[in-house]
Each structure stands twice: as structure tokens, then as C-alpha cells.
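Participant: Sequences and hints are given; from them, build the entire structure.
Heads up: the protein sequence lines correspond to chains A, B and C, in order. Its first residue numbered 0, the first sequence is counted upward by one per residue in numbering that gives the first Met the number 0. Its first residue numbered 0, the second sequence is counted upward by one per residue in numbering that gives the first Met the number 0. Its first residue numbered 0, the third sequence is counted upward by one per residue in numbering that gives the first Met the number 0.
None of these hints come from the bench; they were simulated from the model. Every residue gets a Cβ at the ideal spot worked out from N, C-alpha and C, and that includes glycine. Accuracy of the hints is not assured; some may be wrong.
Unchecked claim - When the alpha-carbon atoms are kept at most 25 Å apart in a straight line, the in silico DSS-like pairs for lysine-lysine are as follows:
no., chain 1, residue 1, chain 2, residue 2
1, C, 381, C, 394
2, C, 4, C, 616
3, A, 75, B, 52
4, B, 39, C, 490
5, A, 6, B, 52
6, C, 58, C, 86
7, C, 334, C, 394
8, C, 616, C, 743
9, C, 616, A, 131
10, C, 633, A, 131
11, C, 334, C, 86
12, C, 633, A, 157
13, C, 58, C, 95
14, C, 633, C, 411
15, B, 39, A, 6
16, A, 131, B, 39
17, B, 182, C, 616
18, C, 85, C, 95
Unchecked claim - Derived CB-CB ranges, DEER-like:
no., chain 1, residue 1, chain 2, residue 2, range
19, C, 402, A, 121, 45 to 51 Å
20, A, 36, C, 119, 28 to 34 Å
21, B, 155, C, 127, 29 to 35 Å
22, B, 55, C, 127, 53 to 59 Å
23, A, 156, C, 26, 30 to 36 Å
24, B, 160, A, 36, 34 to 40 Å
25, A, 36, C, 127, 43 to 49 Å
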Amino acid sequence: MVQANQKLTVAFNVNGGDVEIDVTPETALVDMLRDGLLLKGAKRSCDMQVCGACTVLVDGLPVSACTVPAFEVRGKSVTTIEGLAADDRMAGLTDAFIDNAAIQCGFCTPGMVLAAKSLLDRNPHPSEDEIKDYMRGNICRCTGYKKIVEAIQEAAQKAVQG
Amino acid sequence: MRPFRLYEPTTINETVATLSELGDDGKLYAGGTELLLAMKTGLLQYDGLVNVKTVPELEGVSYSNGTLTIGARATHSTVEHSADVLAHAPLISSVEHRVANVRVRNVGTVVGNLCFAEPHSDPGALLLLYGAEVDIASPSGTRSVSVEQLVVGPYETSLAGDELVTRVRVPLLPNGMRGAYLKFGYHHRPTLGVGAAVSVTDGKFVDVRLTLGSAPPKPTRMRDAEAVLRGAAVDDPAVAIEAGRIAAEDCDAIDDLHGSAEYKRHLVQVFVQRALTEAVERGVK
Amino acid sequence: MTQQKFNTVGQSVRRIDSYDKISGRAVYSVDVVVPGMAYAKLVPSPLPHALIKSIDASKARALPGVYAVLTAAELVNMETHYGSDKKDRPIVAMNKVRFQGEPVAAVAAVDLATAEAAAELVEVEYEALSAASDLTSALLPDAEPIHDSNYCHEYGYEWGDVDAAFAGCDRIFEDTFVFPMVYHYAMEPHTCVVSYEHDRIRTWTSAQHPFLVRAELARIFGMQLDQVQVVVPYVGGGYGSKSYTKIEPLVAALSREAGRPVRLAQSVEESMKTVRRHAARATIRTGVMNDGTFVARECLSYVDTGGYTDNGVRVTERISDRIVGPYIFDNVRVKSYGIYTNSTPAGSFRSIGGPQASWACESQTDIIAEALGIDPIQLRLKNLAKKGDEVRRGKRPLEGDLAPKLQMVLDKFGWDTYVREDPSPTVKRGIGFACNVTNSGASPTSTSLVRFHADGSSTVYIGTTEIGQGSRSVMAQIAAEELRIPLASIKVIGSDTDAVPYDRSTGSSRSTTLMGLAVHDAAVDVREQLLEIAAKHFETFADQIEAADGKATFKGESMTFGALVREMFGGSGGELMGRGYVTQNHASGRLTQDPVFWEVSIGAAEVEVDEDTGTVKLLRYVSASDPGKAINPKQVEGQDEGAAMQAIGHSMFEEMLFEDGQFLNPNLVDYRVPTFEDLPGEFETVLIEFGDGPGPYGSKGVGEGGIVCVAPAIANAIFNATGVRLRELPLTPERVWRAIEKSKQ
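Facilitator: Listed below in C-alpha cells is the structure:
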């Protein structure tokens with residue numbers, strides 16, 4: 000049991016490195032990452048799990064960091080956009096987003112790219128409908144989505160070609 | 000969000016004992032996809048949350064003897080991708096696939112969804128179609144009720160404050176019965192869900208189950224509509240129309256952001272017919 | 000227009016901010032942390048219309064960790080009201096609240112949790128007034144006036160003799176169209192950090208027009224322009240929601256009260272209660288001849304500007320400017336009124352008045368076509384304005400022919416070869432088209448500075464904010480082209496009023512054209528200086544020297560640009576500076592008229608309507624963007640696709656719902672924005688490049704055109720599919736179903 004205003008220690012792996020940080024139970028994962036660990040890539044937008052701007056991967060699965068409590072990642076492995084960008088193996092995905100002009104204001108981009116990564120991890124050859132279906136939980140207000148779909152298709156294709 | 004105390008029991012007994020102690024100040028917490036949202040906006044407030052995810056007994060999805068068992072900790076994603084569900088009741092997987100979005104599915108639980116009883120939702124209406132039952136634990140023992148008896152109204156269940164739903168047991172549709180589930184809506188949450196399960200012999204409906212979700216205040220079996228179908232000819236369009244009409248009349252829809260009650264009743268008529276058609280076609284294949 | 004060969008202009012080069020954004024290191028206002036910063040929370044009015052009887056902030060102020068509570072009582076020794084045209088917006092509510100969510104007080108505290116707790120302790124006593132949350136109720140004679148009256152602004156124009164003309168027409172059509180309240184949903188809510196210091200103000204804010212914010216803050220607090228610094232980091236979406244001045248004065252006043260910097264990071268709900276698009280009701284009366292000739296048009300529009308004016312003056316004017324359509328009418332009488340209602344104030348939103356006007360006029364074009372038995376495309380072509388026509392009298396003549404542009408879209412869509420195939424007797428398909436021209440609000444007031452370094456690299460200074468449109472990249476491309484150096488050698492510094500020279504604003508599709516011209520001129524200025532240095536070096540005339548690839552070459556001998564700079568300064572350092580001024584009197588002579596350019600909008604849609612449910616599926620949509628010359632084609636496409644998708648939102652399901660002033664759906668669960676699943680099966684933008692713009696290389700603005708014609712194209716397609724005409728947006732399934740049911744009676 001943890002008392003209100005008492006803190007609990009969250010020991011977890013973030014972007015390949017082990018960390019330990021103390022948080023209160025009601026602290027949201029996105030705030031622990033942004034304010035506690037200065038990983039500002041994840042953004043708070045709708046704050047209701049609808050838009051996906053706060054998407055991070057927990058054990059490879061995308062979650063809404065605006066609502067998932069920070070204590071839920073104890074013992075787990077978290078990937079934020081900072082980890083993705085530093086990973087050479089992800090260059091195909093980041094290049095595809097950039098080359099296809101799938102980034103405009105960029106506020107949705109960290110969450111969008113992480114969601115796309117989790118899609119391709121699960122389904123390396125998604126059809127256009129499968130992309131739209133999986134990604135429908137990530138909102139973009141700037142691009143109109145078409146170039147993001149094209150970016151994901153290109154990343155999938157390039158991965159096949161090696 | 001207001002501060003809360005976190006309780007992390009490791010057994011079912013510890014869980015219900017803690018709930019009992021906390022009374023109105025405490026609430027069970029699994030995925031939190033509905034609960035934490037309500038707490039963030041201030042609609043609900045609890046001093047203590049009791050985490051069920053630290054209780055190993057509540058884990059998992061399994062299959063045995065014609066029944067799928069979904070533990071209280073199982074997320075929508077777990078159910079969606081479960082080999083047992085895909086093998087024995089793929090309809091459940093396909094409906095779970097369309098719940099909210101992938102992030103909510105990765106965190107939210109099926110049992111949690113039933114217990115929060117958000118009216119605009121699909122799992123309740125779907126599990127009602129299967130005649131699912133839930134097992135409930137409390138300090139005084141265990142009991143079981145149907146999903147129909149569990150969810151009594153919008154955001155309202157028949158659970159006492161110290162009760163924990165440990166699992167939901169989903170009997171497969173009897174041999175010869177085929178199910179379909181159609182949902183309609185363009186908002187983040189569904190406007191209408193219709194579940195239909197039918198068995199057909201010699202071109203006549205033998206057994207029929209019809210459930211509605213999202214339009215009525217709670218997931219509802221439409222028994223009066225089912226009654227006109229039983230024994231009727233499958234290819235008589237008038238029968239399906241009549242069933243739809245009765246279901247619409249009985250569905251108790253209200254005006255809300257999803258539309259007027261009149262429009263929802265109209266949708267019920269349309270989708271009852273479509274769901275019946277689809278269920279019948281599944282049987283034909 | 001000469002066929003110039005370009006090095007980077009015209010290429011879809013990688014945006015220079017791409018890596019910042021995809022790595023997560025891009026800084027937005029909410030990422031800014033300043034030493035000693037406090038956190039703010041607003042105290043909003045729960046009532047839509049009320050007198051404020053009293054405010055007691057004593058309990059809030061007494062809470063440990065609270066630095067200050069700002070109320071109207073603290074607005075002393077300063078101006079209390081602001082606004083882009085009418086200064087009718089109080090910094091915090093004074094005496095009265097005019098919409099649900101209007102800030103009545105604001106708390107600054109050591110952390111957000113404390114600020115939130117303190118905000119709940121502020122006690123406000125209200126005396127409720129009757130609220131009018133739509134045009135109808137606000138226009139009732141006994142409506143409780145929201146300001147002195149409920150009339151914000153009035154506008155109109157006319158030419159010809161409308162009444163006589165109507166008398167001579169074969170047919171007269173009158174229709175009324177309704178456009179809803181919609182919200183921009185920039186994913187980054189309004190956010191700013193302000194540090195009020197005794198002799199200066201510094202702010203980091205998610206704003207589109209830093210120089211206008213600077214002017215407003217200086218005026219409010221009695222400071223000079225040089226004492227106010229406005230820094231705009233990357234902006235997470237604007238679309239007009241962050242135009243002019245929004246929350247900066249409140250946060251500045253709170254910072255002054257707290258004696259320390261303060262950050263206010265709004266929630267999406269708070270931003271939905273900050274600004275929105277103007278709802279509208281427009282009645283169009285059009286007189287035509289049986290052969291389809293347009294003769295006379297009379298329009299009356301009401302736009303709902305919410306509780307305060309914000310950009311209500313200009314929107315009231317623009318809807319009237321745009322409602323005549325891209326057609327020639329010899330007789331026109333247009334009138335519009337901006338009306339206050341007790342709802343979120345309405346301000347700029349991508350093509351102000353454009354979608355509302357086009358929803359009306361381009362729907363009616365098809366109504367007329369149907370009644371006359373004339374093909375809707377032929378009817379448009381018959382009356383379409385041509386190059387050189389004064390499509391609006393007194394304004395710049397149309398700079399390019401529209402007919403070929405329409406044809407490009409029609410060809411891409413396959414309009415002439417379309418064969419209708421209904422999937423079933425109750426699922427119908429159809430096609431629809433719409434087009435318009437909008438007078439850009441772009442104002443020619445821009446300056447740029449280009450610094451050229453001793454190693455041949457360059458820094459370009461622009462006031463344009465990077466709101467997602469890719470302005471930094473476009474300016475870099477223009478500079479690279481004119482400096483004749485690689486794109487990789489250019490850095491762009493933007494939107495810090497202490498660092499960059501003046502640019503009026505980022506919006507109204509103006510940046511490539513006007514800021515781009517300033518950058519172009521500044522870069523040319525540098526190039527000419529380099530050529531002068533080279534001419535001295537080579538002992539010849541500047542026009543004998545070739546400048547390319549970072550080198551000046553004369554008769555086979557080259558000097559790098561960097562070497563030229565070093566030679567001028569006589570050492571290893573030094574720098575050249577080039578400047579560009581853009582005013583109405585620009586040397587090109589192309590900026591003297593208003594509008595600076597006409598932005599063209601064209602759209603063709605194919606829909607599938609399920610008559611049983613009213614569901615409309617957008618199967619295909621072809622849009623057009625007409626940049627004159629695309630500096631970065633993929634960016635242009637992206638802007639058009641994004642604009643069209645926002646329009647799909649307001650066409651199909653977006654609607655802010657108010658009832659008696661209560662805002663019913665101020666969040667993303669209940670306010671439905673487009674997702675990946677709303678992408679039409681085919682979604683194309685036709686790029687039109689006729690070089691007919693006044694900007695660099697014949698360019699002109701884009702970004703707004705795509706949002707203008709989607710709604711009428713879809714409604715025209717629904718009519719084509721089902722024979723049912725809708726006059727109110729959004730085209731939700733229920734609305735469409737009801738219209739179909741009604742038509743069966």
C-alpha cells in the first residue's frame with residue numbers, strides 16, 4: 000500500500016537504459032517522462048486517450064501515457080521517440096516519414112511514429128486498410144493522413160528489401 | 000488528478016478485504032481506461048484504488064469444455080489476439096478489435112469494461128449474446144450471475160461495494176448456431192451495436208438470440224423480437240422487419256450526442272435486419 | 000514567365016525541421032522552462048452570460064505555494080482590453096462574463112496541483128443573465144445584449160442595379176445555408192510562458208503573429224516595442240486559432256502580479272473555450288436567364304462571432320467578399336452582419352469566411368443547374384471569371400484563367416468518363432463539384448535579413464512562425480537558390496522579435512509570397528555584394544561574373560564566396576548582410592493592388608450514400624492547389640491534403656454544440672475530428688503551376704484553398720446520388736437520413 004502524497008519507486012528500463020524514479024501514485028506516465036526524465040517528445044494533447052500524441056511503447060505495446068499511471072511501468076521496458084530516433088535500425092521508418100513529407104507541425108509525430116513502429120513490428124506487410132485501421136487511434140490535424148500512410152508503406156517496403 | 004492511495008493485494012481474498020475496508024472511498028482498478036478518465040475530469044473521486052493486476056489468480060484467457068474464460072486482468076488486446084478466442088469464437092476477436100483504439104485495447108480490460116458499464120460500448124452486448132456469466136468474489140464467499148444480471152443501467156452494476164468480478168465465462172454458441180455483431184457510429188464511442196445468433200433448420204429459425212448495445216441504457220436481450228423469429232421462415236423479409244420493429248420499440252433509446260431517439264430506433268430496425276441476414280449467411284457457409 | 004532552371008526551388012527537399020520533430024527534441028511552448036517559473040490555472044466562468052457580483056480570492060491566496068491570484072481588480076496601471084480590431088476583450092472578465100469558460104481569475108502557484116487546488120478556492124458570485132447561444136436567439140428583439148448590442152460589425156457592397164436586374168430575369172432562386180461552429184483542434188493547445196520584469200516583458204508563446212503580440216503587450220503595459228520580446232518556438236498547429244493575441248496579456252498580468260515568470264498550458268477543453276470558427280447563416284438570391292447566364296445576386300449573411308469580436312470584423316467582411324463565387328455578375332448587392340452570441344469567441348480559421356460562403360454559393364450553383372436542366376460544369380464555365388476580369392469590382396483583377404484549372408481537376412477526377420454504379424437499390428453513388436476564388440488577406444508587410452558568413456554559409460532571419468506549413472524550409476530554398484549555395488549551408492532563424500526583423504503575420508497564405516519575396520530580395524542583395532567584391536578581385540564588371548555553386552567564376556578562374564568575404568574584411572572573419580523590404584510599393588510593382596493574389600479552390604467528390612442509415616462515404620476527392628510555382632511541391636500537397644481533411648471534418652461530423660449557452664461537447668471524445676479512416680479511397684491534389692503569382696518565381700499563397708470547396712462538392716455529389724439537397728452542415732448520417740426520408744413524402 001502506498002499512502003496519498005507518498006511516493007513509490009518506479010524502476011524500469013527506458014530506451015535501453017535502467018532508471019529509478021520516485022513518483023506519487025496519481026502521476027501520469029507522460030508527466031514522469033517529461034518532467035521527471037526530461038524526455039519531452041511525448042506530448043499531452045486531448046488527455047483522454049483519443050489523440051495519441053502521448054503514445055509511448057510499454058513492452059512494445061502502444062499506450063496512452065496521459066492516462067496510464069507512471070507506476071504501471073515498474074519492471075517494464077518503455078520506448079519513447081528519443082529512443083527510436085537514436086536507434087539505427089529505425090532509420091528506415093524515420094527516413095520514410097521525412098521523405099514522404101509526413102511531418103508538418105510535428106506535435107503528433109512522436110506518437111505517430113511509435114504507433115507505426117508497433118504496427119510494423121506486429122505486421123511487417125500491412126495493407127493500406129490495415130494501416131488505416133491500426134493507426135486510426137492516432138490523430139493528425141495537419142497532414143490529412145495520406146502522406147503518413149505512404150510513409151508507413153514505404154518503410155514496410157524498404158524493410159522487406161533490406 | 001487528486002492524489003489517491005494505491006493498494007496492491009496479491010490474492011483475491013486480500014483484494015475483497017481491502018475493498019470492504021475502504022467502503023465508498025475505494026474502487027477496483029484494472030486498466031483504468033474509463034476510471035482514471037472520470038477521476039481526471041473530477042466526475043469520480045476515490046481515496047484509494049485497489050490494483051487487481053497484482054493478483055496472479057485473475058490472469059489470462061483459457062478454454063475448456065466449450066467455455067472461454069476471461070480473467071479480470073485480461074486486456075481487450077489479450078482477448079483479441081488469444082489463440083483460444085481465435086480458434087473457438089473468432090467473432091469475439093473481431094469485435095474486440097474494434098473497441099476504441101489500439102492503445103485503449105492494450106490497457107483496458109474486458110471485465111473492467113463490463114463493470115464500468117459505459118452504455119456506449121460493445122463488449123457487454125456481445126457477451127450478452129453468448130449468455131456469458133461472471134464469477135464474483137467477496138469477503139463472504141463467491142457467487143455467479145449472468146452479464147444480463149450484472150449490468151443494470153448506465154454506469155451501474157448489481158455489484159456490492161466489496162465485490163470483485165474475477166472472471167467472465169463465455170459459453171460458445173451451441174452447435175448449429177451462428178453469430179454476427181454489427182456496430183454503427185461515427186463518434187469515438189459506438190452509437191449502436193446489434194448481436195444476432197441464429198440456428199436454422201429447413202429454412203426456419205429454430206433458436207434466436209438478439210442483443211442491443213449502446214442505444215439502450217444497458218446491453219439488452221430483445222426477447223420479444225426473438226419470439227417472432229422463432230419458427231418463422233428465414234427468407235420471409237416481413238419477419239425480420241417485424242423483429243426489427245419490436246426491438247426498436249423496446250430499446251428505450253434517448254436523445255444524446257449520438258443522435259435522436261427516433262433515429263436510433265430507426266437504426267435498430269435497419270441493423271437487426273442486417274445482423275440477422277449476416278448470421279444466417281454465416282450458417283450457410 | 001521564363002523557364003528558369005532551378006537548383007533547389009521546385010524540389011521536394013527534406014524539410015529542415017524534420018529531424019528536430021521526429022527525434023522529439025523540437026521545442027514547443029509547453030517544453031519551455033524558465034528559472035523561477037510558476038504554473039498557472041484559470042478560473043473559468045461556468046455561466047454563459049452573467050454579471051459578476053463579487054470575487055473572493057482570499058482562501059486561494061492563503062493556500063501555501065500560491066504566488067498570486069489575478070482578477071479584474073489587479074488590472075491597474077495598464078490597459079485592460081485588447082483585440083485585433085475592436086479592443087473589446089478584457090484581459091480577465093470585468094463586471095460581466097459573456098461565454099462559458101471566460102477566464103474570471105487566474106492563479107499562479109509553485110506547481111500545477113497547487114494552482115488547481117487554489118483555483119477551486121476562488122469564490123465568485125454571479126447574477127445570471129439570459130443567454131443566447133446561436134444567431135436566432137441573439138437576434139431576437141428582446142435578447143439580453145451581450146455588448147452594447149448584439150451587432151458586432153456590418154459590411155456590404157453593391158454594383159449594378161440589382162432590383163431592376165431581378166425584374167428582368169427568367170428565374171430567381173433563393174436559398175439559405177447554415178454552417179456550424181467548428182473548432183480548429185490544433186493538437187498543441189494554447190500555451191505561453193511570460194516573464195514580466197519591471198522594464199521588459201519576455202514571452203515564449205504558441206502564437207502565429209509574434210510582432211502583433213509584441214505590439215499588443217507593449218500597448219497594454221505601456222512599454223516600447225524594444226522592451227517586449229516575443230519568442231515563438233515550434234507551434235503544434237495553428238490554422239488561425241493562434242492568430243493575433245490570445246492568452247498572453249492574461250499571463251503577463253499574472254506574471255506581474257506574481258513577481259515571477261508564469262506558464263499557462265491550456266487543456267484542449269480550455270482551448271475549445273478560447274477560439275473557434277464563425278458559424279454562419281447565409282441567404283443567397285440569384286437571378287438567371289434560362290440559358291444559364293448569371294445576372295444578379297443578392298446575399299445576406301450572419302456570422303456568429305461568439306462572446307467577443309476576436310477576428311469578427313474581418314470574417315464578417317470576407318464572407319461577403321467570397322459569397323459571389325468565381326463568377327461574373329453585373330448586378331450584386333451583398334450584406335453581412337457579425338453577431339455576438341454567448342459562446343466561445345470566434346476568430347481566424349483557415350480561409351476566413353471562405354468555407355461558409357462557398358458552402359452557400361456553390362451549393363446553389365448546382366441547385367440552379369438542376370432547375371435549368373444545364374450540366375453543372377457547363378453552367379460554371381459559362382459564367383466563370385477569366386484572366387483580367389474584375390471578379391470583384393474595385394479589387395485586383397483575376398490574375399489567371401480559371402477554366403483550364405477547373406479542367407485539370409475534372410480530368411484528374413475522370414469527370415467526363417464517370418459511369419455511375421450503385422452497389423444496391425438503397426446504396427447510391429454520385430459525383431459533385433465546386434470551385435471558388437478567395438481574396439487573400441495577405442498584407443505586404445515583411446522584412447528579412449540575410450547574413451553571409453566568412454565560410455560561405457548563411458543565416459536567414461524571418462518573422463514567419465513555423466506552424467507546420469514548412470515555412471523555414473521554403474525560405475531556406477529561396478535563399479539557397481538566390482545565394483547560389485547548397486541548401487545544407489543555410490540556417491533559418493525565426494520568430495523571435497528580438498532577433499529577427501519585422502513580419503506582420505503568419506496566416507492568410509501570405510508567407511511564401513511576401514516573406515518569400517523579402518528573403519529573395521535579401522539574398523539577391525547579398526549576391527550582388529558578392530559580385531561587386533568579385534568584380535574588384537577580377538578587375539572586371541559584375542555582370543561578367545558567373546555566380547553558381549558557392550563560387551564566383553570569371554574566365555575559368557574561381558573564388559569561393561567565403562574567400563570573397565574574407566578578402567573584403569582582410570582576414571579570417573567578416574560578414575555580409577543583405578536586407579529585403581516588402582511593402583505595397585515593392586519594386587516588382589506586383590503588390591500595389593488588393594488582394595495581393597486570388598487563391599483558387601476547386602474540388603470534385605464521389606460519394607456513396609447508404610439511404611437506410613444516411614451514412615455518406617467519401618469514395619474519392621480531388622482537390623487543387625494553385626501555388627503559381629511550388630517551391631517545395633510535397634509541402635504544397637501536404638498543406639492541401641491537410642486543409643481538405645479539415646474540411647471533411649466540418650462537412651461530415653464536426654460540430655460544437657451549445658444549448659442555452661452550455662457548451663455540450665468541449666472534448667475530443669464528444670467532438671469528432673477526422674481520423675485515418677476518413678481518408679477517401681482516392682485522395683489527390685492537382686498541382687497547378689501557371690506562374691501567375693506575385694511572389695518569387697511566380698508563386699502565390701496556398702494552404703487555405705483546400706478547405707473551401709469540400710462541403711459543397713460533397714453535398715452536390717449527395718444530390719447527384721440521391722436527388723436530395725442538404726443545406727445545413729455537418730452532413731451527419733441522421734441529417735442525411737432525415738432529408739432522404741422527407742424527400743420520400
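Participant: The structure should be examined with respect to each hint, and the outcome stated for every one.
Facilitator: Status of the hints after comparison with the structure:
For the given pair, residue 381 of chain C sits about 22 Å from residue 394 of chain C by alpha-carbon distance, which is consistent with the 25 Å threshold. As the CA atoms of residue 4 of chain C and residue 616 of chain C are separated by approximately 43 Å, the hinted pair breaks the 25 Å bound. With a C-alpha separation of about 14 Å, the suggested pairing of residue 75 of chain A with residue 52 of chain B holds against the 25 Å cut-off. Of the supplied pair hints, the one linking residue 39 of chain B and residue 490 of chain C is violated, its CA atoms being roughly 43 Å apart against a limit of 25 Å.
With a C-alpha separation of about 19 Å, the suggested pairing of residue 6 of chain A with residue 52 of chain B holds against the 25 Å cut-off. Straight-line distance between C-alpha atoms of residue 58 of chain C and residue 86 of chain C comes to about 32 Å, which puts the hinted pair past the 25 Å bound. Of the pairs offered as hints, the one joining residue 334 of chain C and residue 394 of chain C holds, with about 17 Å between alpha carbons and a cut-off of 25 Å not exceeded. In summary, the hint linking residue 616 of chain C to residue 743 of chain C is supported, as the alpha carbons are separated by about 21 Å, within the 25 Å threshold.
A distance of roughly 15 Å separates the Cα atoms of residue 616 of chain C and residue 131 of chain A; the hinted pair therefore holds under the 25 Å criterion. Restraint check for residue 633 of chain C and residue 131 of chain A: satisfied, since their Cα atoms lie roughly 21 Å apart, inside the 25 Å limit. Taken as a hint, the residue 334 of chain C and residue 86 of chain C pair is honoured in the structure, with Cα atoms around 24 Å apart against an allowance of 25 Å. In summary, the hint linking residue 633 of chain C to residue 157 of chain A is supported, as the alpha carbons are separated by about 20 Å, within the 25 Å threshold.
In summary, the hint linking residue 58 of chain C to residue 95 of chain C is supported, as the alpha carbons are separated by about 22 Å, within the 25 Å threshold. For the given pair, residue 633 of chain C sits about 18 Å from residue 411 of chain C by alpha-carbon distance, which is consistent with the 25 Å threshold. A C-alpha spacing of about 19 Å is found between residue 39 of chain B and residue 6 of chain A, which places the hinted pair at or below 25 Å, so the restraint holds. Proposed proximity of residue 131 of chain A and residue 39 of chain B is contradicted: the alpha carbons are some 30 Å apart, above 25 Å.
A C-alpha spacing of about 16 Å is found between residue 182 of chain B and residue 616 of chain C, which places the hinted pair at or below 25 Å, so the restraint holds. Pair hint residue 85 of chain C plus residue 95 of chain C holds up; C-alpha atoms about 18 Å apart against a cutoff of 25 Å. Take residue 402 of chain C and residue 121 of chain A: their Cβ atoms lie about 50 Å apart, and the range 45 to 51 Å holds. For residue 36 of chain A and residue 119 of chain C, the hinted distance range of 28 to 34 Å is satisfied, since their beta carbons lie about 30 Å from each other.
The beta-carbon spacing between residue 155 of chain B and residue 127 of chain C, approximately 32 Å, falls within the hinted interval of 29 to 35 Å. In this structure the supplied range 53 to 59 Å holds for residue 55 of chain B paired with residue 127 of chain C, their Cβ-Cβ distance being about 55 Å. At about 33 Å, the CB distance of residue 156 of chain A to residue 26 of chain C agrees with the hint of 30 to 36 Å. Judged by the Cβ atoms, the range 34 to 40 Å given for residue 160 of chain B and residue 36 of chain A holds: they are separated by roughly 38 Å.
Against the hinted window of 43 to 49 Å, the Cβ-Cβ separation of residue 36 of chain A and residue 127 of chain C comes to about 47 Å, which satisfies the hint.
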